[in-house]
Amino acid sequence: MFSGFMANAWVSGTIVAIVAGVVGFFVVLRGAAFQAHAIPNGAFAGAAFATLVGFDTLVGLAGFSIVAALGIAWLGRRARADVATALVLVLLLALGGLFLSRTTEYGPQVFSLLFGEILGVSTSELLPVALLALACVAVVGSLFRPLMLSSVLGEVAEAKGVRSGPLEVAFLLVVALATAMTVPVVGAMLIFALMIGPPAAARALSARPMVAVALSVVLALVALWGSIASAYLTDWPVGFFVGVFGAAIYGAARASVTIARRGAARSGAAT
Amino acid sequence: MGWLFEPGFFSNGPVHVALVIGGVTAVVSALVGVFTVVRGQSFGGHALSDVSTAGGSGALLIGLSPLSGFVAGDLLGGAAMEALGTEHERGRDVATGIVLGAATGLAALFLYLDATSGTTTGTAQQILFGSIFVLQPSIIPVVAALACLALGLLALLYRPLVLHTFSPEIAHARGVPVRLVGALYMAALAMAVALSSITIGTVLSTALLIGPPAAALRLTRGMGRALLVAALTGLGATWLGILLSYDSFYWSPSRRFLPVSFFVVAIIVVAYLASGLARLGLRRRPSAPGGA
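So the protein lines, in turn, are chains A and B. Per the working numbering, residue 271 is the first one in the first sequence, and the count goes up by one each step. Per the working numbering, residue 8 is the first one in the second sequence, and the count goes up by one each step.
In short, the hints are calculated from the structure, not lab data. Idealized CB from N, CA, C, for every residue including glycine. It is possible that part of the hints are untrue.
Residues of chain B clear of chain A, computed beta-carbon distances all greater than 10 angstroms [as the list claims (entries may be wrong)]:
#  : residue
1  : N19
2  : V24
3  : L26
4  : S49
5  : D100
6  : V101
7  : V106
8  : L160
9  : L191
10 : T213
11 : R225
12 : G231
Now the in silico label distances, taken between C-beta atoms and shown as ranges [claimed, not checked]:
#  : chain 1 : residue 1 : chain 2 : residue 2 : range
13 : A       : V527      : B       : V185      : 41 to 49 angstroms
14 : B       : G182      : A       : W344      : 58 to 66 angstroms
15 : B       : S174      : A       : R531      : 33 to 41 angstroms
Facing chain B, a subset of chain A residues (Cβ under 7 angstroms, in silico) [to be verified]:
#  : residue
16 : V353
17 : G367
18 : L368
19 : L503
20 : T504
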C-alpha cells in the first residue's frame with residue numbers, strides 16, 4: 271500500500287489535506303462554503319478545456335479557478351453573493367459540458383476529474399503541487415490577523431483600516447490556488463467536502479483560533495489518509511470516502527460536544 | 008424563418024417532448040426560484056441538485072427510473088438540511104455544506120458502480136448534463152403531477168412565505184409556524200430541482216432555479232411581476248436553448264448536437280447580465296417609475 275506508485279498518492283494527499291485544513295478553516299469561519307464549492311467546479315471546466323486543446327491540466331485548472339474566483343468577486347459586488355456564485359458556477363459547468371461534448375476521450379477521465387483518482391498524480395507533478403501548497407499556506411499565514419478580524423468582527427476590522435473588498439478577493443484567490451492543486455487528487459466535487467467537514471468539526475471542538483486551525487489540519491489528514499487507504503483496499507472512488515468521512519467527522523464532533531455539554535450540565539446540577 | 012428553424016424541428020417527436028417537459032420545468036423552477044433567491048437559499052437549492060445526482064445514480068443502480076431517485080433524494084436531502092440547519096446564516100451554510108459533501112461522496116460511489124456494472128454506459132454524463140432529447144413521452148404525466156404538486160404547495164404557502172421572507176418579526180408576532188413554512192417550502196424546492204435535474208441535468212439545474220428569478224428581481228418591483236417575468240425568462244431561455252441545440256447539428260461538418268444545457272445556461276447568464284444593464288438604464292432616466 272505504501273510502495274511504488276502509491277507513494278505519490280500519500281505525499282500529494284498529505285499536502286492536499288494540510289492546505290484544505292488551513293484554507294477550510296477560513297471558509298467555514300467566513301461562511302464561504304458556496305464559493306468554496308463553486309470554484310473547484312469551475313476548475314473542472316478548465317481541466318476539460320486543457321484536455322480538448324491539449325495542454326497541461328494543471329494550467330487549465332489554475333486558469334479557470336482564478337477566473338471563477340475573480341468572476342464571483344466581481345459579480346458579487348453588484349448583487350447578492352450567493353446569486354453571483356450560483357451563476358458563475360453554472361456558466362463554468364456548462365462550458366465544461368460543452369468542452370466535453372467536443373472531445374472523444376471523456377468517460378473515465380472526466381470521472382476522475384470530478385470524483386478524484388489517487389493514482390492521478392505523477393512524480394513530475396509533485397513539485398508544482400508542493401509549491402502551490404506552500405504559496406497558499408504562506409498567503410493565509412500573512413493574512414491571518416486581518417482575515418480573522420474581518421471574519422469575526424467585520425465592523426471592527428473596517429475601523430482598523432482592513433479593506434474588506436481586496437481582502438475578499440485575496441481570499442477567493444487563495445481558495446482558487448488551493449483548488450487547482452487539489453482537484454487532480456480528490457476531484458472537483460470533493461475537495462469541497464474536505465474544506466468543510468474537518469474545519470467545521472474543529473470549530474465545534476475549540477473556540478481558540480490557533481488550536482482550531484491545528485485541529486482542522488489534523489482532522490483533514492485523518493479524513494484523507496483514511497480515504498486513500500480505503501480507496502486502495504476497496505477500489506472504490508476516493509471521493510466517496512472523502513465525502514462520507516468529512517460528514518462523519520463533523521457529526522462525531524457535534525455529538526461529542528453535545529454529550530460533553532450534557533455531562534457538564536448534569537455534574538453542575540449535582541453539586 | 009427557415010434560417011432559424013432547421014428542417015424537421017416542428018415535426019420531430021423528441022423535440023415536442025423536450026419542448027413540453029422543458030417548458031413545464033422552466034416555469035416551475037422560475038416560480039419556486041424567486042423565493043429561493045429572495046430568501047438567500049441559492050446554496051441550498053444548488054446543493055439539492057447535487058443530492059439529485061446521488062439519488063438518480065442510486066436509483067439506476069437498483070433498477071429504478073432516475074426521476075424517482077431525483078425526487079426521493081431531494082426530499083431526503085432537503086429534510087436533512089432543515090434538520091441540521093439553524094436560523095443563524097453561517098450555521099445554515101455549514102449544514103448545507105455537510106449534506107452536500109456527503110451526497111457528492113455517495114454520488115461518486117453510485118456513478119462508479121453504475122459505470123462498472125456495465126449495463127448503463129454514459130450514465131454519468133447523462134445524469135450530470137441531462138439528455139432532454141431522449142426523454143420518453145411516457146414520463147409527461149409524472150412530470151405534470153410533480154409540477155402541479157410543487158406549484159400547489161407554493162400557492163398554499165404564498166402568503167405566509169412572503170410575510171416570513173420580508174418581515175420575519177411580523178410573521179413571528181402573528182404566530183406563523185415558521186419552521187413548518189420553511190420545511191414545506193424546502194419540499195417544493197426539492198420537487199422543482201428534481202424536475203430540472205431530468206431536463207438539463209443535475210449540475211445545471213441551478214441555472215433555471217436562480218438565473219431567471221435573479222434577472223426578474225433586478226427588473227421589477229413586487230412579487231407578482233417578478234414571478235411573471237421570471238417564468239417568461241426561464242421559458243424563453245429553455246425553448247431557445249432547445250432550438251439552438253437542434254440547429255447546432257447543422258452548423259458544423261461533424262454533424263453533432265451541442266448540448267442543450269450549454270445553450271440554456273448561456274442564454275440565462277446573458278439575460279442576467281442584460282438585466283443589470285437594463286436596470287442601470289432605468290436608473291439614469293429620472294422619470295422612470297420603479298427606478299429608485
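Do the hints match the structure? See the list:
1. In this structure N19 (chain B) is separated from chain A by more than 10 angstroms, as the shortest Cβ-Cβ distance comes to about 20 angstroms.
2. The non-interface label for V24 (chain B) is consistent with chain A: the shortest C-beta to C-beta separation is roughly 21 angstroms, beyond 10 angstroms.
3. With 10 angstroms as the threshold on Cβ separation, the claim that L26 (chain B) sits away from chain A holds: the shortest Cβ distance comes to roughly 20 angstroms.
4. Non-interface status of S49 (chain B) relative to chain A is broken: a Cβ of that chain comes within 10 angstroms, the nearest being about 4 angstroms off.
5. For D100 (chain B), the requirement that its beta carbon stay farther than 10 angstroms from each beta carbon of chain A is not met, with the minimum near 4 angstroms.
6. With a minimum CB-CB distance of about 5 angstroms to chain A, V101 (chain B) fails to clear the 10 angstroms threshold, and the non-interface call is violated.
7. The beta carbon of V106 (chain B) is not kept farther than 10 angstroms from every beta carbon of chain A, the shortest such distance being approximately 8 angstroms.
8. The non-interface label for L160 (chain B) is consistent with chain A: the shortest C-beta to C-beta separation is roughly 22 angstroms, beyond 10 angstroms.
9. Under the 10 angstroms C-beta cut-off, the non-interface status given to L191 (chain B) relative to chain A holds; the minimum distance is some 22 angstroms.
10. A beta-carbon of chain A is positioned within 10 angstroms of the beta-carbon of T213 (chain B); the least distance is around 5 angstroms.
11. Distance check for R225 (chain B) against chain A: the nearest CB is about 8 angstroms away, which does not clear 10 angstroms, and the non-interface claim fails.
12. Every beta carbon of chain A lies more than 10 angstroms from that of G231 (chain B), the smallest distance being close to 21 angstroms; the non-interface claim holds.
13. In this structure the supplied range 41 to 49 angstroms is violated for V527 (chain A) paired with V185 (chain B), their Cβ-Cβ distance being about 26 angstroms.
14. Between G182 (chain B) and W344 (chain A) the beta carbon distance is about 43 angstroms. The supplied range of 58 to 66 angstroms is therefore violated.
15. Taking 33 to 41 angstroms as the suggested C-beta distance range, the pair S174 (chain B) and R531 (chain A) conforms, at roughly 34 angstroms.
16. Because the beta carbon of V353 (chain A) sits about 5 angstroms from the nearest beta carbon in chain B, less than 7 angstroms, this interface hint is met.
17. Given the 7 angstroms rule on beta carbons, the hint for G367 (chain A) holds: about 4 angstroms separates it from the nearest Cβ of chain B.
18. Taken as an interface hint, L368 (chain A) checks out: its beta carbon lies about 4 angstroms from the nearest beta carbon of chain B, inside 7 angstroms.
19. Interface restraint check for L503 (chain A): the shortest CB-CB distance to chain B comes to about 14 angstroms, outside 7 angstroms, so the restraint is violated.
20. For T504 (chain A), the shortest C-beta to C-beta distance to chain B is roughly 10 angstroms, which exceeds 7 angstroms, and the interface hint is violated.
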